[in-house]
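For the protein sequence lines, the chains are C and G, in the order given. FYI, in the numbering used here the residues of the first sequence are 6 to 243. FYI, in the numbering used here the residues of the second sequence are 12 to 397.
Derived from the structure by calculation, the hints contain no laboratory data. Some hints here could point you the wrong way.
What the hints assert, rightly or not - BS3-like cross-link-like pairs, simulated, lysine-lysine; straight-line CA separation at most 30 Å:
1. LYS172(G) <-> LYS225(G)
2. LYS176(G) <-> LYS348(G)
3. LYS155(C) <-> LYS194(C)
4. LYS389(G) <-> LYS157(C)
5. LYS235(C) <-> LYS216(G)
6. LYS159(C) <-> LYS176(G)
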Amino acid sequence: MSNSQPESNLMPESMVEVRNVTKVYERGRQQIEVLHGLTFAIPRGDFVALMGPSGSGKTTLLNLIGGLDQPTSGEITVGGRRIDRLSSGQLANWRAQNVGFVFQFYNLMPVLTAEGNVELPLLLTRLSGAQRRRNVAVALEIVGLADRAKHKPKELSGGQEQRVAIARALVSDPQLLVCDEPTGDLDRKTADEILGLLQVLNREHGKTIVIVTHDPKAAEFARRTLHLEKGQLLEQAA
Amino acid sequence: MTRSGFVIANLFRRRTRTVLTLLSVIMAFLLFGLLQSVNTIFNAGADFVGATRLFVQARVSFTSPLPISMLPRLESIPGVARVAYQTWFGGVWQENTPLIMFSLDPQRYRDVYPEWVMPESQWQDFIRTRTGMIAGKQLADQYGWKVGQKIPINSNIYPQKNGSKAWIFDLVGIFDGKDDEWKKRTNLAFIQQDYFDEANQFGVKGRENFFILKLSDSNQAAQVARTVDAMFENSPDETKTQTEKDFNISFVRQIGDIGLIVRWILFAVFFTLLLVVGNTMAQSVRERIPELAVLKTLGFSDGSVLGFVLAESFVLCLGGGLIGLLLASIAGAMVAKGTGGRFQLTVDYRVWLLGIAAIVLMSLAVGLLPGLRARRLKIVDALAGR
Chain C
6 MSNSQPESNL MPESMVEVRN VTKVYERGRQ QIEVLHGLTF AIPRGDFVAL MGPSGSGKTT
66 LLNLIGGLDQ PTSGEITVGG RRIDRLSSGQ LANWRAQNVG FVFQFYNLMP VLTAEGNVEL
126 PLLLTRLSGA QRRRNVAVAL EIVGLADRAK HKPKELSGGQ EQRVAIARAL VSDPQLLVCD
186 EPTGDLDRKT ADEILGLLQV LNREHGKTIV IVTHDPKAAE FARRTLHLEK GQLLEQAA
Chain G
12 MTRSGFVIAN LFRRRTRTVL TLLSVIMAFL LFGLLQSVNT IFNAGADFVG ATRLFVQARV
72 SFTSPLPISM LPRLESIPGV ARVAYQTWFG GVWQENTPLI MFSLDPQRYR DVYPEWVMPE
132 SQWQDFIRTR TGMIAGKQLA DQYGWKVGQK IPINSNIYPQ KNGSKAWIFD LVGIFDGKDD
192 EWKKRTNLAF IQQDYFDEAN QFGVKGRENF FILKLSDSNQ AAQVARTVDA MFENSPDETK
252 TQTEKDFNIS FVRQIGDIGL IVRWILFAVF FTLLLVVGNT MAQSVRERIP ELAVLKTLGF
312 SDGSVLGFVL AESFVLCLGG GLIGLLLASI AGAMVAKGTG GRFQLTVDYR VWLLGIAAIV
372 LMSLAVGLLP GLRARRLKIV DALAGR
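For reference, chain C alone in the conformation it holds in the complex:
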């Protein structure tokens, strides 16, 4: 790893900087190199789609950017902070403050209502109960689900569940949203609504968004598309 190198900006306004990042997984005795020395940057306020065939390393890259996993070598800087050097506890703390996550299958807590799910990340803050409820109401308002606050996930449609997941990702006001196939489980119309919502969050709220998708139509909502194949960046499409 080149951790001893001084931190540098690939772009002055970068939200995400990835430099020479390699990721190797061990499966039994086998070592599989999923990412091969990737270097790129995502400017603050960008909306980037990561595309590529299955096994190309999209989700692995997303996990590294979101601080869910550590690279085998290389540097990752997000919002000006090197995250490849953080311990598990430091990463957890960092994620709570800086990143919102949206998953393909929503991953809501079935035992909690929509507002309970959205409030979950705020339990890690020092906000009072009243402040938390206010923030939750705002987040649900943004995703258009204020009237569904008391409903449990099983009482919501797929699109509504994903909106709740987006509200949960938004509620602690992170600058970076990472979304793994956020429309993979939705029909076209609902998918477009969700992508439109992400677009609004990018344009009007200034969130930097990185989504992984197989769907070229979904990628059209992004400002840029990064293509990955066999762990390498192929091209950048505007």
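Fit chain G to the known structure of chain C by using the hints.
Using the frame of chain C, we list chain G on its own:
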């Protein structure tokens, strides 16, 4: 929503399973409370007596009575201030309610047991009345006995000379204890030895189950006991002499080692409970691995996730444990009331403290393994279903 609200919500995600598990915890702690209080009764029953009295019985068994002719020899032993004696009557009230009832010499017994208090006139009536009987306050209250009544009592051992096992005694006194400990033990009755000797069909006149020696100095207990047993060694009536406290304990232990029995039952109960609750917790964690990974994704630390699982097991064990102990307290009080205080099944603070310690240990035992599994899980693998 709070963290504790989240814990409780998770606990009841499968309501039926949680309720059934909770019921098994409640049952286990109900048993724990009752059995521990039984154990307490049997172990602590002798703590209140001092070492100022020695019990002398036949070495073989107290069911082999000793001859009254021993009395003067016992009285002559240095350090012995007074000697009383008593015989088990085997009293049965009405259909088949057994009574703790002895025949004895009233004056001697009074001298040896100043802990029983009764008006002087009633003591005198007991001494004077051959068919007299005195009853402890608890016993008299339970059956509504009043001084002056004739009390019919059967003996399951001794028939009268006319063949009838139904005896009739004149209740001449009701005694109480000098303090709370002794008041709790007023569930027994005494009759006149002379009358019993004359009237019983077996002609066991002049033989007693026990001699009770009141010592002038409790420090001499061991020495006097040795002297008594040596005095009757190699005679037809060899003796076994022990302090009242040891006698009480060994008397109870004729039933068996209650403590050991209770421990084995509780071991079986808690072992089963450990499997039941442990399985519930393990299953509960296993089926929501992705949810736990999401918690970590949102920024909850490994320790927090471990804490959530431990808190769930703690709430489950605490809820069930406290309800179980509460039910045991109520059941114990009902048993004590139903038996007129003869069986003081009290779930006291010692049982509660032990119960709370068991709750904490049980929570750790059932929550730690699944909790550590949750703590160790890698977000990326868990989200990918690996």
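Do the hints match the structure? See the list:
no. : hint                    : verdict
1   : LYS172(G) <-> LYS225(G) : violated, 34 Å
2   : LYS176(G) <-> LYS348(G) : holds, 29 Å
3   : LYS155(C) <-> LYS194(C) : holds, 25 Å
4   : LYS389(G) <-> LYS157(C) : holds, 27 Å
5   : LYS235(C) <-> LYS216(G) : violated, 107 Å
6   : LYS159(C) <-> LYS176(G) : violated, 75 Å
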